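Line order of the protein sequences matches chains A and B. Per UniProt numbering: the first sequence = residues 1 to 361. Per UniProt numbering: the second sequence = residues 1 to 361.
FYI, nobody ran anything at the bench for these hints, they're computed from the structure. You can trust all of the hints, since none of them are fake.
It does not matter which identical chain is meant; a pair holds if it fits inside one copy or across any two.
Cross-link-like lysine-lysine pairs, in silico, DSSO-like; alpha carbons within 27 Å at most:
hint: 1; residue 1: LYS323; residue 2: LYS50
hint: 2; residue 1: LYS20; residue 2: LYS264
hint: 3; residue 1: LYS352; residue 2: LYS323
hint: 4; residue 1: LYS341; residue 2: LYS308
hint: 5; residue 1: LYS90; residue 2: LYS109
hint: 6; residue 1: LYS91; residue 2: LYS135
Only a predicted model underlies this, so the values are computations on that prediction, with no experimental measurement involved.
Number of protein chains: 2
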Amino acid sequence: MTVYNFSAGPAVLPKPVLEKAQAELVNYQGSEMSVMEMSHRSSLYDQIIKDAEQLLRELMAIPDNYKVLFLQGGASLQFSMIPLNLAVGKKALYVNTGAWAKKAISAAKAVAGVDVEVIASSEDQNFTYIPEITKEMIDQDAAYVHITTNETIGGIAFQTIPDVGDVPIVADMSSNILANDYNVEDFGLIYAGAQKNIGPSGVTVVIIREDLLNEEPIFSPMLDFAVQAANDSLYNTPPTYAIYIAKLVFEWLKELGGTQEILKQDRDKAQLLYDAIDASQLFKSPVNQADRSITNIPFITGDEALDKKFNQEALAQGFQNLKGHRSVGGMRASLYNAFPKEGVEALVAFMKKFEEENGER
Amino acid sequence: MTVYNFSAGPAVLPKPVLEKAQAELVNYQGSEMSVMEMSHRSSLYDQIIKDAEQLLRELMAIPDNYKVLFLQGGASLQFSMIPLNLAVGKKALYVNTGAWAKKAISAAKAVAGVDVEVIASSEDQNFTYIPEITKEMIDQDAAYVHITTNETIGGIAFQTIPDVGDVPIVADMSSNILANDYNVEDFGLIYAGAQKNIGPSGVTVVIIREDLLNEEPIFSPMLDFAVQAANDSLYNTPPTYAIYIAKLVFEWLKELGGTQEILKQDRDKAQLLYDAIDASQLFKSPVNQADRSITNIPFITGDEALDKKFNQEALAQGFQNLKGHRSVGGMRASLYNAFPKEGVEALVAFMKKFEEENGER
Numbered sequence: 001m002t003v004y005n006f007s008a009g010p011a012v013l014p015k016p017v018l019e020k021a022q023a024e025l026v027n028y029q030g031s032e033m034s035v036m037e038m039s040h041r042s043s044l045y046d047q048i049i050k051d052a053e054q055l056l057r058e059l060m061a062i063p064d065n066y067k068v069l070f071l072q073g074g075a076s077l078q079f080s081m082i083p084l085n086l087a088v089g090k091k092a093l094y095v096n097t098g099a100w101a102k103k104a105i106s107a108a109k110a111v112a113g114v115d116v117e118v119i120a121s122s123e124d125q126n127f128t129y130i131p132e133i134t135k136e137m138i139d140q141d142a143a144y145v146h147i148t149t150n151e152t153i154g155g156i157a158f159q160t161i162p163d164v165g166d167v168p169i170v171a172d173m174s175s176n177i178l179a180n181d182y183n184v185e186d187f188g189l190i191y192a193g194a195q196k197n198i199g200p201s202g203v204t205v206v207i208i209r210e211d212l213l214n215e216e217p218i219f220s221p222m223l224d225f226a227v228q229a230a231n232d233s234l235y236n237t238p239p240t241y242a243i244y245i246a247k248l249v250f251e252w253l254k255e256l257g258g259t260q261e262i263l264k265q266d267r268d269k270a271q272l273l274y275d276a277i278d279a280s281q282l283f284k285s286p287v288n289q290a291d292r293s294i295t296n297i298p299f300i301t302g303d304e305a306l307d308k309k310f311n312q313e314a315l316a317q318g319f320q321n322l323k324g325h326r327s328v329g330g331m332r333a334s335l336y337n338a339f340p341k342e343g344v345e346a347l348v349a350f351m352k353k354f355e356e357e358n359g360e361r
Numbered sequence: 001m002t003v004y005n006f007s008a009g010p011a012v013l014p015k016p017v018l019e020k021a022q023a024e025l026v027n028y029q030g031s032e033m034s035v036m037e038m039s040h041r042s043s044l045y046d047q048i049i050k051d052a053e054q055l056l057r058e059l060m061a062i063p064d065n066y067k068v069l070f071l072q073g074g075a076s077l078q079f080s081m082i083p084l085n086l087a088v089g090k091k092a093l094y095v096n097t098g099a100w101a102k103k104a105i106s107a108a109k110a111v112a113g114v115d116v117e118v119i120a121s122s123e124d125q126n127f128t129y130i131p132e133i134t135k136e137m138i139d140q141d142a143a144y145v146h147i148t149t150n151e152t153i154g155g156i157a158f159q160t161i162p163d164v165g166d167v168p169i170v171a172d173m174s175s176n177i178l179a180n181d182y183n184v185e186d187f188g189l190i191y192a193g194a195q196k197n198i199g200p201s202g203v204t205v206v207i208i209r210e211d212l213l214n215e216e217p218i219f220s221p222m223l224d225f226a227v228q229a230a231n232d233s234l235y236n237t238p239p240t241y242a243i244y245i246a247k248l249v250f251e252w253l254k255e256l257g258g259t260q261e262i263l264k265q266d267r268d269k270a271q272l273l274y275d276a277i278d279a280s281q282l283f284k285s286p287v288n289q290a291d292r293s294i295t296n297i298p299f300i301t302g303d304e305a306l307d308k309k310f311n312q313e314a315l316a317q318g319f320q321n322l323k324g325h326r327s328v329g330g331m332r333a334s335l336y337n338a339f340p341k342e343g344v345e346a347l348v349a350f351m352k353k354f355e356e357e358n359g360e361r
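One chain only, chain A, in its complex shape (with noise of 0.2 Å):
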């Protein structure tokens, strides 16, 4: 059986990656040695992080004045790094967009000296739509505004980022990193957890203009953007092996074409599904048709025990993980860059059938 993974995370990666990972797992290059088994500070690996930390400038056109970071902790200990490095004794401006948005204002709220003030909210219907953002919103003496440019769970997605005049903006963007059109330039931080649209869990992406590292240090050096920063996310042992596979996908990106490429494939992807179910008298999107997000797309019949039926009859044709966040219900596709678009043809083939012989409602 063909089996299709609809993962929000960790997710599908692409198989000539796997395929590649596999071959030279226990041999690397003929080295003798498993990259797993490789020092850190060996000229070996740093070949690694440095190709890593390359190929993601190349493919997010990120400016010579930001740091790459590759740390720990995913996105959720960046919800308390970053207030802690950058907005203490300070306003930090957060947009309230969903369940991730929320993680990260309760986390700043807990920071000791950070006032945090929720400048806009869609809490109102349920997180289905992007709050509009304008610069009179923003105290410009904030230390940065938060948004989160996709809520894996609601799925909706900032489709431009708002000008929000010289205070940094710092991005969540886990779920859609390399699936966006944003510029680097635009945002003062960004941040995202690999196990997406980078590679497996355990390694998370910072990306941080230099002018916004600390001068003050943090209690804890693993916690301190300057440290890890001066010493290129080597203060100790980094997830090297994770790293080793976020720069197997960075090569596979960058040989299918680069960001610009799987963006149109990835809006293709999205496209036939939303089509599929606009066109669809059982299934409905419940998210505001403009704030679609392209890479989780949640949808729902309205009736609880018939998306129940849907999900089962799915899971037992090979779509794994489709059943929708418990907070949304119904069903969620998350289709990253490594989904492949034979996967979401089968799911919308799928529907179709599974609507006819359901009827309408």
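Mind docking chain B on chain A? Use the hints.
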């Protein structure tokens, strides 16, 4: 050329583990998914992390009143998390045995509200011995006594765990976990970066007695032992693939006969090298004989130029990562569980040949 990897970490892994990981990298047990692609909330992955914990419990005979956590950030993040969780408003006692103990002490001092006291140190002799710890030295109101059971750089180890009364012992066991005959009951908390005796870098094992779990929340959920324990290490996405490799290593170790059997092998390997050093007129061990580590074995000629020559010739023969840490100089052989005895025999033979060729000094 046969390569022997003496790296201090990330380090050599068991060949059967790498081969098994390779065989199932693209398709784990017929799931048509890589372990890297699995949702951490899927039943398939749940079995992997539960098995990893259960195997470690068996191998170390961990009592039921201890939690086993798989975290991120390495020992370096634990250096901050431990005082933050256990010692704010209290005294924390530290034993200074070398480079890693010093880092732990420095990080604890930077945590606000922790009264750090170094109760013993071997810095007077460049950390070549383990200082004696007696119960009389221990303030019984202290939150804990921190020791580094094995100093990866200095090459000294606690042969027995000191009696400190009712104060919990907190131990950095990164470089000799699963290579000792300590009793878990003698510790309040044990922590270890995985990249020596457990698996790839990027996962940190914490074994904590339940009564030591903090009651007051820590500002960051990711840094909060109680939160991590309440969520069985799944508060956020854990480093799933690294935990899977750790599980394979634990299976390998269990099949081999468990910790007692590997300890016997480790002692044999170390003895082979120490015997060669002791019999040599050229090489010597810089550390106190009674405190010798069996996992990290530094040795020197006393002549920097000769050390350099040895390292160059050794590297050319396939002995990788033998160069000693700059703070000790000379050579260092890290002989973790997965390091093969043949590698020690080959090194000893090479040392004899080198000594013959380079004469008595």
